[in-house]
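Please work from the sequences and hints to get the whole structure.
What follows is the residue order along each chain.
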Amino acid sequence: MRELLRLLRLVRPFAGQVAAATALGVATVACGIGLMGTAAFLIAAAALQPSIAELQVAIVGVRFFGIGRGIFRYLERLASHRLTLHLLGRLRVWFYEALEPLAPARTLSMRSADLLTRAVADVESLQELYIRVLAPPLVAVAVGAGTGFFIGAFHLSLAVVFLCLFTVAGIGIPAGIHVLGTRIGNRLTRTRADLAATIVDGIQGMADLLACGQGASQRHRVEELSLRLVRDRERASRVEALGTAAMTFATHASVWIVLVIAIPMVRAGFFDGVGLAVLCLVAMAAFEAVQPLPAAARHLSEQLAAGRRVFAILDARPAVEDPARPATVSGDISPPAVKVRGLEFTYPGSEEPALAGLELELPAGCRLAIVGPSGAGKSTLAHLLLRFWDPTAGEILLADRPLSDYRLDDLRRIVGVLSQHIDLFTGTVRDNLLLASPAADAAALEEAAGRAELLSTIHALPEGWDTWIGERGLELSGGQRQRLAIARVLLRDPALLVLDEPTTGLDPVTETRLMRTLRQLMEGRTTILITHRLVAMEAMDQILVLDRGRVVERGNHGQLLKLDGLYRQLYEAQQLTLS
Amino acid sequence: MQLDRRLLALVHTRRVSLFAAVGFGALGGIAVVAQAWLLAHVIARVFLGGATRTQVATPLMLLLGTIAFRALLSWAADAAAVHAAAGVKHDLRDKVFARLLERGPLAAGRERTGELVTTLTEGIEALDAYIARYLPQLALAALIPLTVAVVVLTRDLLSGVVLLLTAPLIPIFMVLIGRLADVRSRRQWLAMSRLSASFLDTIQGLTTLKVLGRSRAQVAAIRRASETFRFASMDVLRIAFLSALVLELVATLSVAVVAVEIALRLLHGRLDFEQAFFVLLLAPEFYLPLRRLGADFHAGLAGTTAAQRLFTLLEAPAPARPAIAIPMPPTPSLELEEVSYAYPGESGRGSAARPALTSVNLLIEPGEKIAIVGPSGAGKSTLARIVLRFVEPDSGRLMADDVPAKAIDPDDWRRAIAWVPQNPHLFADTVAANIRLGRPESDEKEVAAAARHALAEDFIAELSAGYDTSVGERGALLSGGQARRIALARAFLADAPLLILDEPTADLDPRLQAELDVALEDLLTGRSALIIAHRTPTVMAADRVVVLDSGRVVDVGPHDELLERCELYRRLVHSYGGGA
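Residue numbers (numbering that gives the first Met the number 0), protein chains in the order written: chain A, 0 to 578; chain B, 0 to 579.
Hints in this document: simulated from the structure, not taken from any laboratory.
Glycine included, every Cβ here is placed at the ideal spot set by N, Cα and C.
Please note that the accuracy of each hint is not assured.
Example chain B residues on the side facing chain A (calculated, C-beta under 8 Å, incomplete) [stated by the list, open to error]:
| hint | residue |
| --- | --- |
| 1 | R52 |
| 2 | L71 |
| 3 | A196 |
| 4 | F296 |
| 5 | L300 |
| 6 | P423 |
| 7 | R510 |
Computed from the model, here is a short list of chain A residues facing chain B with C-beta under 7 Å [to be verified]:
| hint | residue |
| --- | --- |
| 8 | L74 |
| 9 | R76 |
| 10 | L84 |
| 11 | A196 |
| 12 | Q213 |
| 13 | H219 |
| 14 | V229 |
| 15 | A252 |
| 16 | L433 |
| 17 | L434 |
Written as structure tokens, this is what we have:
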């Protein structure tokens, strides 16, 4: 119920449009009722052979309703789709605005689990909230009330009977179908998820499966789940068919009941035979309004589930917030010193600390490398520096002020990051660079691209700066992506540079060339390089060796090699690598 | 929408259910006519004959019975139709998945997994609309109006003619306006999916946007894109909905015309009331199946789109299996004879075929350890794929003890091989099941022993449920090093005469590496091995080293000899002398 209210709040700004679309929906059904009612009247009255003048109104009425129905239907569809599109725009903005403060602490883990993709699909499905969920009951209530009123003019008890039947059909059948369908629906969802997971395994793990001679057994598993899925689906469809059949029965049985009750009333003189014909057809046509209700009930529970999933994500508290009294940051920023004292961090949901007891002093403009085997906690330090999270204990000082004193926007202006994962956005090469600095002019872009050694690549692209990249666009190689990211960093000109495994996944030749560019990038900035590749280590002022969240060695390249510890082991293992 | 012959062939196997659905539907149509007649009869007798309720009790009871019968038929028709669809969907899914397996991991790797999974789950489900709704409705849209028209014609010629004259207008307008709207709405669908994709892009790139300090500014862009899309959509919808307008108008106006035309003749006493009322009741029923067909047409369209995709998958060529298979020799020597292979180009992207191996000759004697080295792109992985028979050589031969591989069933062939890939896949199942993949019939003790040999015992013990912890897609995440040890355990368990080992390029913790080297030595004892080597100790331990470059064998020999005579080999071994 709470979810429904929250969902309805999203529709509230469009109350006027909802009213208009609903009114048009009611008018459409009313025309249908009017058409059959006046037609029945026309024919029944004509059977009594009056003068043609007495039939004129009915003839005009039949024509009016016949044309009106089509036109109202058209207008109703336009109005409801306009509303749907408005709603979609609002939902996207709403979702984005609510998600933005949560990123990346609350969204990083979702990327892998595809939770985010799912949430975006959920948000998009909510656009149908009016058209599929709200409109049918609103129209049904209005039509029921109006028809009841009309029938009441014949005899009050008939109106009461009609309204009872209308309600049973409109609420009872959808509710019954919902109860029957929920259990099957849940099982269906589970089976579908199992099948999808098994197929994913079968495709992504196909090499492993075939090598182990297990292709046939995976096929068998898929076959079994598929059979279960189609059986479940069939059961669910049969419940839906039951709904349709029940609706058909309810509609015509209601007409029958009205007929049976009304026959003695004709005899008793409450109304004449013409009235009887009109009554039957009006009642029959009015039931059009309850036909979509079983489907609406199904959509309601789907939308509630989608809403619940989305709210569950958005209701998380942001991991970090802006300070109440932020530090002032001048326009021109000199490279800051970085100090770390007693830093400890444990990821939410994890027991082991990812970092513990970290002490560090990096003078302004110096270069620090943090190395160690994977899982040592190197990237965690980068995340804490960018304030994706706040440390569990200890603190980080940037230019002698705690990190949490800076406004997040200022912090991200000071700290530039280049990571192994480069996001490119659908758009042109130019768009993707402008993202870093929207005000940059063509000359600035050229210069940044030039220093990132990206210019020749851009000029070689089919449409140069205007080449479309990203989804459905040109795929760039790993090295090209990194250079684009470097150009972005250059455009932002950060005072503190964090390089998080910048060469992972690149071949040695590309790696060596990229490191050369990176060394230029480090000029005049405080730099922290996080890597498990011991390349260009001589250029670093300080090296910190991390192992399982703790600093095990520190010094420069020469000192560490002499130590004969983990650093030396890592270095020697790397020397044994064939290129 | 044309009727896809391949789809119809599949449907043909389930034709009994489908015919039953049409039969029930047609019977339902007859019930509708009977119901209209009974209702008209009762009202006429009460209205003009002054009958009491008792006097019309019989037709009233018949009417109720007809209504119940009609509802029952509606259920039976739907149930039969979904049963037919269920069978077709299952057959199709099974066939497509089997074909994917036959085509092998390389072909599957070229597809986008997410899209493939959606096609195989929801895509196939979309066939429901086509098989269970559109196909029966196609028959009923012909049968029911025809029945109604015949009945009306016998009662009132003029009304029958009106119905028959207006009926063709519905499909004509449907096609005309449909064509007009189709192109535009398809473009609109594209715009819509682009918009969705770019929104998802923005959301997934939120971290990057945030780091770039651009995340808040993105709201305006989202709003703008949605507005633009809305304006464009409304332009399209204004035309697209015209078809609904025309359909509705034809149907309702025809009913209105019939009503007026009947009324006028009633007025002049040329028709009696019961007949007239009967015809009035039937008129909307005449158009209903046609209008329903219009709705099901659009739903069915989604089904045929999915079907096209499925048939493309189903008809992609797969390597043939031997008609009469020769069993794999127990501890064979393997031989590659003048083997060449080129990766097929992708026509969609305009890339040409890429040669990966050229005239490679190689003999692996039983028990021999061979290391393969070469720069990236030299063809090392392709060589492993050839031996694993994930790809077939374009020319040349692969043989086991002089038996051509083509004569041996691929499953049988692969049972003689244990493969330890660089990035092994972990299945959404327990740790034990993931290890057991190596030999499904093995018991718990054997699984535990294999894990011990592969140095996986310690970290498995630390997992929340030990061997029963589920991993992969929906379970605990294992690190790359841990996944690799699981794969090693698989190999220990498989106990195959030939081992294919893809050494990891990503650096492991050097301390663990030393321990793993010992475990590997243990595994290699008494087996032939083909090792894609990335480390000096590995090549030094091999009996022979094969140096590959650009798909050709440059040299073969033991480490020491190659070091003396092969320039490329020297470069490979010494290149990491200190980095950049």
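### Task
Hint by hint, work out which the structure violates, then give me just those numbers in ascending order.
4, 5, 8, 13 and 16
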